[in-house]
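Chain A is fixed; fit chain B with the ligands onto it per the hints.
Chains A and B, in that order, give the protein sequences.
Positions 1 to 292 (my numbering) are the ones given, in order, by the first sequence.
Positions 293 to 688 (my numbering) are the ones given, in order, by the second sequence.
Simulated from the structure, these hints should not be mistaken for laboratory data.
Do not rely on the hints blindly, as some may be mistaken.
Example chain A residues on the side facing chain B (calculated, C-beta under 10 Å, incomplete) [unchecked claim]:
| id | residue |
| --- | --- |
| 1 | Q52 |
| 2 | C53 |
| 3 | H66 |
| 4 | R101 |
| 5 | S103 |
| 6 | G122 |
| 7 | N166 |
| 8 | F169 |
| 9 | C272 |
Treat the numbers as computed from the prediction; the structure is a model and nothing was measured.
Built from N, CA and C at the ideal position, the CB exists for glycine as well.
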Amino acid sequence: MNKQQDVESNKFSLLVIVLDTNPSQRIVRQNAQLLTQCVDAIIAFGNAHLMQCSQNKLAVLSCHHHATDFLYPLPGKQLDVRQIDGQYEVFSLVEKTVKQRLSHIITNSPKLNTPCESILAGSMAMALCYISRIQRNAAAGVKMHSRILVVTGSNECASQYMTYMNVFFTAQKLGITIDVCAMDKTMSLLQQGCDITGGQYLRLTQLDGLLQYLLWVFLPDPQMRQKLVLPPATKVDYRAACFCHRELIDIGYVCSVCLSIFCKFSPICTTCHTVFKIPGPMPIKPKKKKKV
Amino acid sequence: MADIDGEDPKEYRWETGYEKTWEAIKEDDDGLLDGAIAEIIQKAKRKRQAQKTQQNRLGMMRHLYIVLDCSESMTVPDLKPTRMLCTIKLLEIFIEEFFDQNPISQLGLIVLKGKRAEKLTELTGTSKLHLKALEGVSKIPLTSEPSLQNGLDLAMKALKVVPSHASREILIIMGSLTTCDPVDINSTINALKADNIRCSVISLSAEIHVCRHLTQQTDGSYGAVLDDAHFRDQLLAHVDPPPAAQTQENSLIKMGFPHAKTDGGKDPPLSMCMCHIENTEEPSKLTSGGYHCPQCFSKYCELPVECQTCGLTLVSAPHLARSYHHLFPVQHFTELEFNGQAANCYACQKPLTEAMDKNVYRCEKCAQVYCIDCDIFIHETLHTCVGCNTGNSNRN
Ligand SMILES: [Zn+2]
Ligand SMILES: [Zn+2]
Ligand SMILES: [Zn+2]
Ligand SMILES: [Zn+2]
Ligand SMILES: [Zn+2]
Ligand SMILES: [Zn+2]
Numbered sequence: 001m002n003k004q005q006d007v008e009s010n011k012f013s014l015l016v017i018v019l020d021t022n023p024s025q026r027i028v029r030q031n032a033q034l035l036t037q038c039v040d041a042i043i044a045f046g047n048a049h050l051m052q053c054s055q056n057k058l059a060v061l062s063c064h065h066h067a068t069d070f071l072y073p074l075p076g077k078q079l080d081v082r083q084i085d086g087q088y089e090v091f092s093l094v095e096k097t098v099k100q101r102l103s104h105i106i107t108n109s110p111k112l113n114t115p116c117e118s119i120l121a122g123s124m125a126m127a128l129c130y131i132s133r134i135q136r137n138a139a140a141g142v143k144m145h146s147r148i149l150v151v152t153g154s155n156e157c158a159s160q161y162m163t164y165m166n167v168f169f170t171a172q173k174l175g176i177t178i179d180v181c182a183m184d185k186t187m188s189l190l191q192q193g194c195d196i197t198g199g200q201y202l203r204l205t206q207l208d209g210l211l212q213y214l215l216w217v218f219l220p221d222p223q224m225r226q227k228l229v230l231p232p233a234t235k236v237d238y239r240a241a242c243f244c245h246r247e248l249i250d251i252g253y254v255c256s257v258c259l260s261i262f263c264k265f266s267p268i269c270t271t272c273h274t275v276f277k278i279p280g281p282m283p284i285k286p287k288k289k290k291k292v
Numbered sequence: 293m294a295d296i297d298g299e300d301p302k303e304y305r306w307e308t309g310y311e312k313t314w315e316a317i318k319e320d321d322d323g324l325l326d327g328a329i330a331e332i333i334q335k336a337k338r339k340r341q342a343q344k345t346q347q348n349r350l351g352m353m354r355h356l357y358i359v360l361d362c363s364e365s366m367t368v369p370d371l372k373p374t375r376m377l378c379t380i381k382l383l384e385i386f387i388e389e390f391f392d393q394n395p396i397s398q399l400g401l402i403v404l405k406g407k408r409a410e411k412l413t414e415l416t417g418t419s420k421l422h423l424k425a426l427e428g429v430s431k432i433p434l435t436s437e438p439s440l441q442n443g444l445d446l447a448m449k450a451l452k453v454v455p456s457h458a459s460r461e462i463l464i465i466m467g468s469l470t471t472c473d474p475v476d477i478n479s480t481i482n483a484l485k486a487d488n489i490r491c492s493v494i495s496l497s498a499e500i501h502v503c504r505h506l507t508q509q510t511d512g513s514y515g516a517v518l519d520d521a522h523f524r525d526q527l528l529a530h531v532d533p534p535p536a537a538q539t540q541e542n543s544l545i546k547m548g549f550p551h552a553k554t555d556g557g558k559d560p561p562l563s564m565c566m567c568h569i570e571n572t573e574e575p576s577k578l579t580s581g582g583y584h585c586p587q588c589f590s591k592y593c594e595l596p597v598e599c600q601t602c603g604l605t606l607v608s609a610p611h612l613a614r615s616y617h618h619l620f621p622v623q624h625f626t627e628l629e630f631n632g633q634a635a636n637c638y639a640c641q642k643p644l645t646e647a648m649d650k651n652v653y654r655c656e657k658c659a660q661v662y663c664i665d666c667d668i669f670i671h672e673t674l675h676t677c678v679g680c681n682t683g684n685s686n687r688n
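Isolated chain A, as found in the complex (with noise of 0.2 Å):
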C-alpha cells in the first residue's frame, strides 16, 4: 500500500461484516460448496475495503447456528504469518485467521438435528459493541465511519423484533450504516434496517457473481454511492404487525400501558396483564351500531 496516498490521515472506514454461517440455510444445505464460495467472497471483499485507504478497519463475524464469534480480527495477538511478499501480509493473515476460526467453530459446533434460525440480531447487537469500542478508542480528531455488512440467506425471523428495532436506532444514533445482502429470501426487518440507517438492501437472485455485486454495491461508501447508479431503494412498509397474529395492519389498538398493538379490542393486554376500562368514552369515535 502506498503510504503517500493517503492525503487524509485522519479518516478511517471501519467495515464489520456480518456472516450468517448457520447450516441451517436453505442455499446451504442444497449446496454445501456454497459457504466456502461466500466466504471467498468475503476474504476478497474485506481486502477489497482495506486496499481502499491503508488506515481502514476490518472486521468478520460468523452467526452460527448456536453461537456468534468473531472470525477477525481474533481479540489479543494476532496469528503468525509469514511475509509471502511483504506488502500485502495483511491481507493473508485475514485470509488465514478467517478460514481458521471458521472450520474451528465448524469442527466444534454442537451436532444440528433440526434447523434453526440465524440470530443475527444479536451478531448486530456484538458488532455493535465492537463499533463502539473502537470508536471510543480512535484518537481525538480522527473521524472514522463505520459500517455493518450482513451477508444472509436466512429466512425472516420475527421472533427477533425487539432486537433488531434495537439495533436498528442505536446504529442510527451512532451513525452507522447498515447494508444487508439477502441471498436468498427477502428480509423485510433487515431491509427498515437499511431504511433508517442510510444502508443499501440488496436481495440477489442468483448467486454466480457475488463477489461483482459485492463490490458494486457495498464497496463504495455511503457519500459516494449517492453519485453511482445503484439498484433502486424498494419502499419499505412500516406498517405494525399485532403482537396477536404478526399480521400487518392498518387501523389496529394499542395498549396504553405497554403499547402492545392489538388487530381487535379485547379487555385485557396480553403482553402486560392490563385490564382496560371497558365502559366510558373511548378516546376516538366510538362506533354506536356496531358491538364489540
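This is chain B with the ligands only, laid out in the frame that chain A set:
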C-alpha cells in the same frame, strides 16, 4: 436523582448528601472534583438502572410541561456561560431525546417571566415547535423574582384536560431560591395532588424547602445540581417514562398505521397535505408522497401526528418500537471484582486484564461477562444483552 420514594431512607439520605458537598465544590473548583461528580453521576445511573427492572407499569403516553425560571437568578455564571444559556443548551438535547424515546408523548413550555407565567408552546408531539420557541428564550430579559405558583397553575389548567390514560407531569427548572406567590402555594400543591400531576424540580442553586415539599406531595423527584454535567444527567433522567400513577386509567387506544406504499408502481395522484395547510411560512404543496390516514385519507408529511380530520393518532410501527426498551429493559448486571472470569469482554472483545479492569459485569441470565464500557453501552444505548441474543440458549 433524589427520588422521594421513602422506601429506602438510607439511599435517600445518601442522595441528598450532595447538597452539602455542593457548597464545598463551589469553594475549591479544581480538576479533581470533576472525578467526584463523575462518580456521583455514575452511581446514580447504576441505581436508576437497577430500579428499572422492577417497574412494569409505566406512563408511556406522557404529557409534560417544562416550567422554566426566567428570573434574575438565571444570569448567575456558576453554570457556563450562564445558568440560562446552559439550561437552553441542555433543554435542546432533552427535547430531542424526549421525543426520540417517548414517541407518542407531548410536551409544552412555560416560562416564568417577572412574576407572571407565560405559555411558550402548547402541548404538542413534535420537537420542531419547541426548539424554535426555545431559541427565543435567550432574548427574554431576566429580571426580578419568579412566581412558582403562577407557573404551576398555568400548567395544571392545561394538564387537567388530557385523557385519563395519559401521565401528567410538570418539570420545573428553578434558578431562584425564592418564589413570589399571590396566595398560599399549598392550595396549588393540593390541587396538583388531586389531579395526579407529578411535579419534579431541578434546582440550579441549593435546596428550596417548598420545592421539595411539592415533589414529595406529588410523587415527583427533587434534585439540586452540582455542575453542568450533573445538571445534564439529572435533566436527561426525565427522558425515561415515570412509573404509571396508580389512578391512571388504562385503555386500548385506536391508532392508524399509514404506509407510504405506492400502488403497482404507478405514481399516486398529487395531493395536498393537512399539516402545512394552515402554515403560512411553508404552505402546503401538491406532492405525490406522504402518509395517508387509513380512516379518512387525509395526507400528512410526517409521523406521528393526530389526524386533524378524524382524530385518529397516526404512527409508524418503529415509532412505537422506539419505546419498547423502557418496558423490557436489560436486566441489571452484577458487578464483580475481576479475577480472570473471562479472557475478553464477550461483546466488544477487549482483552480483560488485572491492571485495566478493576471490575467486570455479568448478566445473570446468560452468564456472559462484560467490560464496564459495554455494561454502560448495553444499558444506556443498545438495550439488548448481547449474550442473551447470540444463541447460547440453543446450545445443548
Ligand atoms: Zn391480531
Ligand atoms: Zn399492555
Ligand atoms: Zn405537510
Ligand atoms: Zn383521519
Ligand atoms: Zn466490552
Ligand atoms: Zn444476558
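For which of the previously enumerated hints does the structure constitute a violation, in increasing order of number?
-> 1, 2, 4, 5
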